[in-house]
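Model the full structure from these sequences, guided by the hints.
Position one of the sequence shown corresponds to residue 1 (our numbering), numbered consecutively onward.
No lab work stands behind these hints: they were computed from the structure.
Fair warning: there could be bad hints in the mix.
Said to hold, decoys possible - Derived CB-CB ranges, DEER-like: (1) 285 with 215: 17 to 23 angstroms; (2) 241 with 198: 50 to 56 angstroms; (3) 121 with 416: 58 to 64 angstroms; (4) 416 with 103: 16 to 22 angstroms; (5) 349 with 186: 37 to 43 angstroms; (6) 347 with 186: 34 to 40 angstroms; (7) 334 with 198: 30 to 36 angstroms; (8) 360 with 145: 53 to 59 angstroms; (9) 78 with 344: 20 to 26 angstroms; (10) 121 with 307: 30 to 36 angstroms; (11) 360 with 336: 19 to 25 angstroms; (12) 103 with 281: 55 to 61 angstroms; (13) 226 with 307: 32 to 38 angstroms.
Think of the CB as a built atom: it goes at the ideal place given N, C-alpha and C, for glycine as much as any other residue.
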Amino acid sequence: MPSARSTTKRLNTLLFIFTFFIVSVSHAQDNSPFSRYGLGDRVPQENIVNRGMGGLSAAYYDYQSINFINPASIGNLSSTIFDIGGDISLRTLKSNTTPQKYTSTNTNISYVQLGLNLGSKKMSAKKMGLGVVLGLRPLTNVGYKVNENKRLAGIDSVSTLYEGSGGMNLASLSAGFRIKNFSIGLTGGYAFGNKNTSTQLAFNNDTVSYFRSNSTSQVDFGGLYLAAGMQYEFQLQSGKLKLGVYGSMPQSITAKRSTLDETFFPSPSGGTINIDSVDFKTGERGKIKYPSTIGAGFTYTDSLSHWTFGADFETSNWAEYRLFEQKDQLQNSFRIKAGAQYYPAKANTPASKYFSFVKYRAGVFFGTDPIKVENSRSEYGLTLGAGFPLTSFNRIRYGEYSFLNTAVEVGTRGNKSTGSIREGLFRFSIGISMNARWFQKRKYD
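This is the structure:
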């Protein structure tokens, strides 16, 4: 394994690469047509470690990342942790009835989390723990620009341009408390964001000029977000069996909406010339009903901590969703997740064998998509991941560590047997987690 000095240089290089990736992510243009439903396309909620195991989260915790799906895991924090992640995904839409396909690239800053161990030595002696996490992450994303052309009788063609932007974010404070083998946690936060949509209609005719129409809607929203979780660990002769359950309450979020229906002509300069505002409303107040989610699962780790595996079941009541009392094309959904992690290193493994200290992960998931267009659609996929240590094994044993975590997801939404559109997904996620010692100034290196 490398020395502390060379490891620090490696970390700085990787931090620069990661920062460049995050900046690229934040300026990328999203285009996902399915994000027009609800408050947008769901952003992966798990951290990069859990993503590599199919999303396994309910009963999982470790010392080198923050599991914010189940806040009960925060009671096991042993030090201050800084955890940041981002992802880039490639989506391909295919029709089951035509050979046409559409490809888009979508990017996200996945999360920024700071975890603090508030437990005292006295608490540790009594096998108790207390931790808190400050975090900011997206929950959904709206980003699409789709043009549809149709031919109508008496008119050469009609072109409809659908555009949307926005999404929902969560600023949160989570706390976890552990007493012996039992942990409980609570997340409170502020969910906020906006959803901006427009539908532009243009009639095309060689001899007759038609006004073009545009309908826009802007919804700004914000409200309280609450979630909770529990974990229990059984000490067995062969290892540790952990059980976990988590859930979020239905959220009633305050919203304000402005709408505009207008006719216009395109200007020679590329802009628009307003002809008439057919209808205009501003400051309309209402509520968004965001659905509840509940999940449960288990993990098992052998006595030598080489193998960890488990499974989760999660369900969300998307049929509850309302925007100003209006339903959308959404349905209740579920997802089954299963995954495993392998850590080859033993107590006597030479430090020179770097890849023995890498954590290798794999997983699968299967479920139903909450978006219901024509028919219910299934979603399934395979994940792979790895955690690369950026500090020496000796320093990890003394509680100083930094990890570069990666995950790859290949999945599909939709069914070949129906006439609906299928979506293929390839997502690459990358994150860095490090503990407090990286932020302490050294006297000697």
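Exercise. Quick check: which numbered hints come out false for this structure?
Worked result: 8, 12
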